[in-house]
Amino acid sequence: MNKKQKFFAYPYVIWMFIFIVLPIVLVFLYSITTKEVNNIKTINFTLNNYKLFFDPLYIGVTIRSINLALVSTILCLVLGYPIAYIISKIHSKHRNTVLLLFILPMWMNMLLRTYAWMTILGNNGIINNFLNMLGLPSIRLLYNNSSIIIGMVYNFLPFMVLPIYTALSKMDQHLVEASHDLGADNRTTFLKVILPLSLPGVISGIIMVFMPAVSSFVIPRLLGGNRSLYIGTLIENLFLVTGDWNFGSAVAIMMMLIILVSMSILNRFDVDKEGSGSNLW
Amino acid sequence: MGNKIIELKNISKDYDVRVLNKINLYVNENEFLTLLGPSGCGKTTTLRILGGFEYPTEGDLFFDGKNINNVPPYKRQINTVFQKYALFPHLNIYENIAFGLRIKKTGDGIIKEEVKRMLKLVNLEGFENREIDSLSGGQQQRIAIARALVNKPKVLLLDEPLGALDLKLRKEMQLELKHMQREVGITFVYVTHDQEEALTMSDTVVVMNNGEIQQIGTPVDIYNEPENAFVADFIGESNIIDGIMNEDYLVTFLGRTFKCVDYGFPRNENIHVVLRPEDIVMVPENEGYIKGTVTSTIFKGVHYEMIVNVGTFEILVQSTYQSSVDDRVGLKFTPDDIHIMSKETWSE
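Chains as they are written, first to last, in this note's numbering: chain Y, 19 to 299; chain R, 1471 to 1818.
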């Protein structure tokens, strides 16, 4: 790379520093200092915020969030893989239209899409209205784990479908033919050729669903109500309600660590060694 | 030889347009048969129908006497070497070759032995644990052949397998393929657009154009006795001249009457005469049957290629002797060198 090209990268480096590195450093700084201090001269370091995180109450919150994110991710995978597979098989004339239909909801604000689910699942919502019309009693659909999972799957499904679709459509069709040629029926071909070759897409999809799912606070807040805390809503509460920025920062850092660790574990399964995989980012 | 292993009866294939029209063809056991033709002539479609990747719109396909029209590829005793190799990138070489055997639930010991034997056959011993993308094009091609042959198919289909290789490697692989075919003793159906490749390797050449078979024959027949102008033009270079067949063994073209070895045409039939450029001898003007002026000379390595204008026609001549442009020369040939084709089989 010559000097001129390097020069063109500077704005991006500055951007990265101001909007990515600096905030993380500040969050980290908050997480290891005590609340009373707001003067750089009297700064007071402590690890109490992290100690507090390991309190059973907060560990419970973390586990609950991870559980919820895992269930949502698995559901997204179970739903998303067949969808991606079907889209990749559609005749190229119609494929982009179908793909567009999947991406279209993403053009709308996530908050609005989640609100929409409130009116569908609510006590006076579409489903319960319909049940009442049939003379059946209302059921409580909102403000429980299922409603959160529905919201997450709905919101994050495209992030699972797209990378798997990319991996599948990039795959050389001759490989499928070669597998048939060598005596493998459709099932064996899927298990021994198609699935392993789409694994990079699956891994990207899992990461891209799990990450926002574990940290989401809008969906648990709107669809889960105030009954139980999740890691996302906990951070929100600490910053905006309790005003405990230091502990909030510690929880945020811990959440970043959890995501980082789970990502690096997943990457070990990535068969695409060149990194030319189906990452969308 | 002699046993028909594959037979195509009136096979047609339509996509939006008809790409194969009433193909009738049989392949003998242990034969090296080549489908030869320009791109878009239907040769690859024919091969894909044999492999089971396409189903014919009309007609019947027989394998060992049984109709296999609707048999899926994984139930056919036919294996394919694909044009772009189609090796599995997520498996190493050992597992690529073992793929077919594993599906048949072959024991590990036998697989190990067979893979080793195949790697020896394709001259890549000790490559078991290498990754696919660490191999050159030629090596990948050999692995693709090994992966197909390890299943002991009755017929091996090869779809322009040498197309991506450079000239020298291609020549080597041609000989090796022929050698392998003799060694394993199975039927090869080979697709190529390279006429030289077809003539070098095949027992039988099938020349195709526009979805139809133009001629079936041994390489020597195809070269020496092309049945129509397309074959003559496609196989090597040739001069195709309008003529009249006066009677058996007598033909008139370029204003003169010549003796020839062909017979059986109606009297005074309009025909095409094929003269191979290498069959024509250049002599001093007064000794030639036909006289003309050299209009261009190109050095081609082994020989010179010259165009001689004989008034109504330009004749291509290949000779190891060079003539200069504007030289007056005579052209000679023997009755044997004159090939007669009827005009009806002209197909372009």
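Keep in mind that the hints were calculated from the coordinates and are not lab data.
Hints are supplied without guarantee of correctness; some may be wrong.
To be verified - No farther apart than 20 Å at their CA atoms in a straight line, the calculated lysine to aspartate or glutamate pairs in the EDC-like style are these:
#1 R/K1622 <-> Y/E195
#2 R/K1554 <-> Y/E195
#3 R/K1802 <-> R/D1712
#4 Y/K210 <-> R/D1806
#5 R/K1575 <-> Y/D203
#6 R/K1622 <-> R/E1666
#7 R/K1492 <-> R/E1528
#8 Y/K188 <-> R/D1603
#9 R/K1545 <-> Y/D203
Starting from the hint list further up, note which numbers the structure goes against and sort them upward. 4, 6
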